[in-house]
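Okay, here's what each chain looks like letter by letter:
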Amino acid sequence: SAVISQKPSRDICQRGTSLTIQCQVDSQVTMMFWYRQQPGQSLTLIATANQGSEATYESGFVIDKFPISRPNLTFSTLTVSNMSPEDSSIYLCSVERTHGDTQYFGPGTRLTVL
Amino acid sequence: EDKVVQSPLSLVVHEGDTVTLNCSYEVTNFRSLLWYKQEKKAPTFLFMLTSSGIEKKSGRLSSILDKKELFSILNITATQTGDSAVYLCAVYSGAGSYQLTFGKGTKLSVIP
Chain D
718 SAVISQKPSR
728 DICQRGTSLT
738 IQCQVDSQVT
748 MMFWYRQQPG
758 QSLTLIATAN
768 QGSEATYESG
778 FVIDKFPISR
788 PNLTFSTLTV
798 SNMSPEDSSI
808 YLCSVERTHG
818 DTQYFGPGTR
828 LTVL
Chain G
1129 EDKVVQSPLS
1139 LVVHEGDTVT
1149 LNCSYEVTNF
1159 RSLLWYKQEK
1169 KAPTFLFMLT
1179 SSGIEKKSGR
1189 LSSILDKKEL
1199 FSILNITATQ
1209 TGDSAVYLCA
1219 VYSGAGSYQL
1229 TFGKGTKLSV
1239 IP
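These protein sequence lines are chains D and G, in that order.
The first sequence begins at 718 in our numbering and counts up one residue at a time.
The second sequence begins at 1129 in our numbering and counts up one residue at a time.
None of these hints come from the bench; they were simulated from the model.
Being a predicted model, the structure only gives us computed values, none of them experimental.
All C-beta atoms in this analysis are idealised placements derived from N, C-alpha and C, irrespective of residue type, glycine included.
Heads up, some of the hints might be wrong.
[What the hints assert, rightly or not] Where chain D lies over chain G, by a calculated footprint (3+ residues, C-beta under 8 Å):
#1 1149–1158
#2 1161–1170
[As the list claims (entries may be wrong)] Computed beta-carbon distance windows for the label pairs:
#3 D:734 to G:1196: 50 to 58 Å
#4 G:1197 to D:729: 27 to 35 Å
#5 G:1137 to D:799: 47 to 55 Å
#6 G:1240 to D:769: 14 to 22 Å
#7 G:1144 to D:781: 48 to 56 Å
#8 G:1210 to D:733: 22 to 30 Å
#9 D:733 to G:1197: 34 to 42 Å
[Unchecked claim] Only some residues are given here: those of chain G computed to face chain D with a beta carbon under 10 Å:
#10 1134
#11 1135
#12 1140
#13 1146
#14 1176
#15 1192
#16 1199
#17 1201
#18 1216
#19 1220
#20 1230
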């Protein structure tokens, strides 16, 4: 498995502002992913973050709204830009050591937008 | 479009009961099926199943996959209040770049 930390664990933000969420892993991993879980819903993949290349976004998610950085093999950030109340969700990062292997999740960031 | 359906959506049982949670899927190029337990925010990995008919066990939890009928079950015996959680089923699928597709989960409540 992997030890994954996320910061912040929760935040309350004002409409129109941006929040950057950090994800740190205790060892080098190939694949890192960012998910969103809206209230009462399951997990939806936002994007795949590969080191040294642009993130790959899923349908319905765009780089301008959710810019992602992956500067090395143990760290990634997700920014939620120009927030609205509809962005209130739990945001989770996950990692895979090899593609198609088990994904392990970080503790999540609970975001509330007023 | 890949689809993962879990049933029931919620379940209330008494301590000591045995429960069976269901997961069916329709996906392109199935690779594996995973079960997670989500108590607060973070899903915790339980099992990964790739072969039909082989049961995976961990204590009171067990799971089996039927690739012919496209479903999996998660069994919990002698339930305890600490088993109360949302149980998520996810399937790795896709041609080329594999992706995890999650079901909506089964919310299990175990009452004393």
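Results for each hint:
Remark: the region 1149–1158 of chain G is not confirmed as covered by chain D, as 0 of its residues place a Cβ nearer than 8 Å to a Cβ of that chain, below the required three. With 5 residues having a Cβ less than 8 Å from any Cβ of chain D, the region 1161–1170 of chain G passes the three-residue criterion, so the hint holds. The given range of 50 to 58 Å is respected by residue 734 of chain D and residue 1196 of chain G, whose C-beta atoms sit roughly 51 Å from each other. Distance hint for residue 1197 of chain G and residue 729 of chain D: a CB-CB separation of about 46 Å, inconsistent with the stated range 27 to 35 Å.
Our hint of 47 to 55 Å for residue 1137 of chain G and residue 799 of chain D is violated, since their Cβ atoms are close to 33 Å apart. In this structure the hint that residue 1240 of chain G and residue 769 of chain D lie 14 to 22 Å apart at CB is violated, the actual value being about 52 Å. Between residue 1144 of chain G and residue 781 of chain D the C-beta distance comes to about 53 Å, which sits within the given range of 48 to 56 Å. At roughly 41 Å, the beta-carbon separation of residue 1210 of chain G and residue 733 of chain D lies outside the given 22 to 30 Å, and the hint is violated.
Separated by about 50 Å at the C-beta atoms, residue 733 of chain D and residue 1197 of chain G break the suggested range of 34 to 42 Å. Interface hint status for residue 1134 of chain G: upheld, as the beta-carbon distance to the closest one in chain D is roughly 9 Å, under 10 Å. Below 10 Å, beta-carbon pairs count as interface contacts, and residue 1135 of chain G has none with chain D, the closest being about 14 Å; its hint is therefore violated. With 10 Å as the threshold, the beta carbon of residue 1140 of chain G stays out of range of chain D, its nearest partner Cβ sitting at about 17 Å, so the hint is violated.
A least Cβ separation of about 25 Å between residue 1146 of chain G and chain D goes past the 10 Å threshold, and the interface hint is therefore violated. Given hint, residue 1176 of chain G at the interface with chain D, holds; its Cβ is 5 Å from that chain's nearest Cβ, closer than 10 Å. At about 18 Å, the closest approach between the beta carbon of residue 1192 of chain G and any beta carbon in chain D exceeds 10 Å, and the interface hint on this residue is violated. Annotation: interface hint on residue 1199 of chain G violated; nearest CB of chain D at approximately 17 Å, more than 10 Å.
Interface restraint check for residue 1201 of chain G: the shortest CB-CB distance to chain D comes to about 18 Å, outside 10 Å, so the restraint is violated. With a least beta-carbon distance of about 7 Å to chain D, the hint placing residue 1216 of chain G at the interface is held under the 10 Å criterion. Below 10 Å, beta-carbon pairs count as interface contacts, and residue 1220 of chain G has one with chain D at about 6 Å; its hint therefore holds. Nearest Cβ of chain D to the Cβ of residue 1230 of chain G: about 4 Å, under the 10 Å cut. The hint holds.
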